[in-house]
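Sequence lines, in order, name chains A and B.
Counting with numbering that gives the first Met the number 0, you get residues 0 to 302 for the letters of the first sequence.
Counting with numbering that gives the first Met the number 0, you get residues 0 to 321 for the letters of the second sequence.
Keep in mind that the hints were calculated from the coordinates and are not lab data.
Wrong hints could be hidden among the right ones.
[Claimed, not checked] Below, simulated EDC-like cross-link-like pairs (lysine to aspartate or glutamate); rule was C-alpha separation at most 16 Å, straight line:
| no. | chain 1 | residue 1 | chain 2 | residue 2 |
| --- | --- | --- | --- | --- |
| 1 | A | Lys-203 | B | Glu-31 |
| 2 | A | Lys-301 | A | Glu-177 |
| 3 | B | Lys-214 | A | Glu-177 |
All of these numbers come straight from a predicted model, not from anything done at the bench.
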Amino acid sequence: MTGAQIAARAATQTTVIPRRSGSERAREGAFRVLMYGAVGLAFVALAGILADALADGLPVLSWDFLTRFPSRILPDRAGIESAIVGTIYLMVICAVLVVPLGVATAVYLEEYADRDRWWNRLVEINIQNLAAVPSVVYGILGLAFIVRGPLSLGNVLLAGGITLALLVLPVVIIVAREAIRAVPPSIREGALALGATQWQTIWKQVLPGSIAGIATGAILALSRAIGETAPLLVIGAAASPRFNPDGLDSQFTALPIQIFVWTQDPNRAFVERAAGAIIVLMAILLLMNSVAIWLRNRYEQKW
Amino acid sequence: MGAGPRIAASSGASGGARVSLTRAPSARSRFEALVRAALFAAAAVSVVVTLAIIGSLVVETVAFFGDVKWSDYLFGTKWTPLFAGEQQSFGVLPLVWGTAYLSLIALAVAVPLGLLSAIYLAEYAPARVRRVVKPVLETLAGVPTIVFGYFALTFFTPEVLRGFFGTEVNQFNALSAGIIMGFLVLPTIASVAEDAMSAVPQSLREGAFGMGAGKLTVALRIVFPAALSGIVAALILGASRAIGETVIVLIAGGQTASLGLDPREGHQTMAAFIAATSRGDIPTGSIEFETIFVVGFTLLVLTLILNFFSIRLVRRYRQVYE
Numbered sequence: 000m001t002g003a004q005i006a007a008r009a010a011t012q013t014t015v016i017p018r019r020s021g022s023e024r025a026r027e028g029a030f031r032v033l034m035y036g037a038v039g040l041a042f043v044a045l046a047g048i049l050a051d052a053l054a055d056g057l058p059v060l061s062w063d064f065l066t067r068f069p070s071r072i073l074p075d076r077a078g079i080e081s082a083i084v085g086t087i088y089l090m091v092i093c094a095v096l097v098v099p100l101g102v103a104t105a106v107y108l109e110e111y112a113d114r115d116r117w118w119n120r121l122v123e124i125n126i127q128n129l130a131a132v133p134s135v136v137y138g139i140l141g142l143a144f145i146v147r148g149p150l151s152l153g154n155v156l157l158a159g160g161i162t163l164a165l166l167v168l169p170v171v172i173i174v175a176r177e178a179i180r181a182v183p184p185s186i187r188e189g190a191l192a193l194g195a196t197q198w199q200t201i202w203k204q205v206l207p208g209s210i211a212g213i214a215t216g217a218i219l220a221l222s223r224a225i226g227e228t229a230p231l232l233v234i235g236a237a238a239s240p241r242f243n244p245d246g247l248d249s250q251f252t253a254l255p256i257q258i259f260v261w262t263q264d265p266n267r268a269f270v271e272r273a274a275g276a277i278i279v280l281m282a283i284l285l286l287m288n289s290v291a292i293w294l295r296n297r298y299e300q301k302w
Numbered sequence: 000m001g002a003g004p005r006i007a008a009s010s011g012a013s014g015g016a017r018v019s020l021t022r023a024p025s026a027r028s029r030f031e032a033l034v035r036a037a038l039f040a041a042a043a044v045s046v047v048v049t050l051a052i053i054g055s056l057v058v059e060t061v062a063f064f065g066d067v068k069w070s071d072y073l074f075g076t077k078w079t080p081l082f083a084g085e086q087q088s089f090g091v092l093p094l095v096w097g098t099a100y101l102s103l104i105a106l107a108v109a110v111p112l113g114l115l116s117a118i119y120l121a122e123y124a125p126a127r128v129r130r131v132v133k134p135v136l137e138t139l140a141g142v143p144t145i146v147f148g149y150f151a152l153t154f155f156t157p158e159v160l161r162g163f164f165g166t167e168v169n170q171f172n173a174l175s176a177g178i179i180m181g182f183l184v185l186p187t188i189a190s191v192a193e194d195a196m197s198a199v200p201q202s203l204r205e206g207a208f209g210m211g212a213g214k215l216t217v218a219l220r221i222v223f224p225a226a227l228s229g230i231v232a233a234l235i236l237g238a239s240r241a242i243g244e245t246v247i248v249l250i251a252g253g254q255t256a257s258l259g260l261d262p263r264e265g266h267q268t269m270a271a272f273i274a275a276t277s278r279g280d281i282p283t284g285s286i287e288f289e290t291i292f293v294v295g296f297t298l299l300v301l302t303l304i305l306n307f308f309s310i311r312l313v314r315r316y317r318q319v320y321e
């Protein structure tokens, strides 16, 4: 065969490959429509949820709304100061407890734990399972162990903070482990070769290298904690208190609880207050998420 | 690392030129051991938490079964623990049914939408579309459930459901709570399933394309089956989220435990019962107090069984390709 013949045959052979049949193209098109529909519905749901809260809640937003205490009788004078303060306190308590504990656990599992030991495997399996436990069950734990029972703190701020900390502990551990794992082994080997002890290597090299990832994950975990309603309901957060918590042993409420109480009120004016509180809660979450994304982009280590 | 033999002279204890290969516990190595012990203690806290959860549930559950026959609990068809006297009944089946029913409604929404979104993201979407769609799904996953509940009660039930089905729709109904819960679960299913499909090696797709397969065939006949165990794990994870979800049901699903089939009527789930009941200041040790724990224990066992299967499936699908 000459080159010319090969070229000629190649030219004709392109027509041998069968054209897509019409029905196949139709199915392809129909499937695309389904996929666009699915993604579109997710968009619509998110937009609908936000738009509904904005439409109901924007009219009640004002400085007074943010700086007044809830009222059971007068919706016009009801505000969310005690809920905002409670949520901020809960976030701080939760962070103070969960960040050291979660990071220490992650360091242990990534840097020290010997996978062949049964107790280390137990800790790992346990964390995977804890992450799947429904939040309301953490509420039961809080009620039985922290509010009453062994710790008997009562339904106070500290009990709420501990309960939320335990709830997000598995999340913090998992993200911290990923951040620590992202530090390449060569960094550790370099430090050890220079004579650093294992803890010096971790403290001076591994943790600084993974701090951005840990911080990002911790903020996201905290934003999950302050959005939780069920555990706080179960341990008995106060409904519409007319005071700010003044210490760890004070009764408290939080934004999700206040939203819950107002949503269930038969008076429409209170339901609008709930929407107002939703906007404030979402704004706080948005702020936290923006900080997390900014941290990740600004400080993320490239190895 | 720190455990190897160390030259004692270098720790500066004696100042002489004595060189020994036996390990002398220096202050530094003692500190290292202390740090290690402290970190292990932190890791042990999570195990203590599990033990505390199980312990607190089991103690009250045992007390509960001292008062109520276990067969009455497991097979009884009437759940009215808060009623007085003769009316009081502890059959858990209505709560189990309510939980299953609402989860099924949620999954009927979340599974098709979640899987279609996952296929779109893994196989079809151009990078710049992914950059928009993924954050939207993540945002949806980050919205607190109380906000979903508010939407279900104040918009979805009165405006959408009553618009379609008329005023026979109860203010608190299974349909609204279930569908909205579906949108809560959707991002979970979409993201886990997408990860599973993205992990399918490119060579499989290229092989199929080389045989003349179209894009749809590759997505549904090659990638989907190859990622199946990961996709099933995604579904199980979604189901366990739906089963444990509390606030949406509490707000929009009603508070009557029923064995009914009508989705326009209210149903109560196990999680919603726990939250609703523990809100009232019930005294420790009363039978009402114990019901919270026995229902919580039932719920925990259910989710742990689901989680067990999900972890096993994920592990298996991880091993498929080299």
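Check: In ascending order, which of the hints set out earlier in this document are inconsistent with the structure?
Finding: 3
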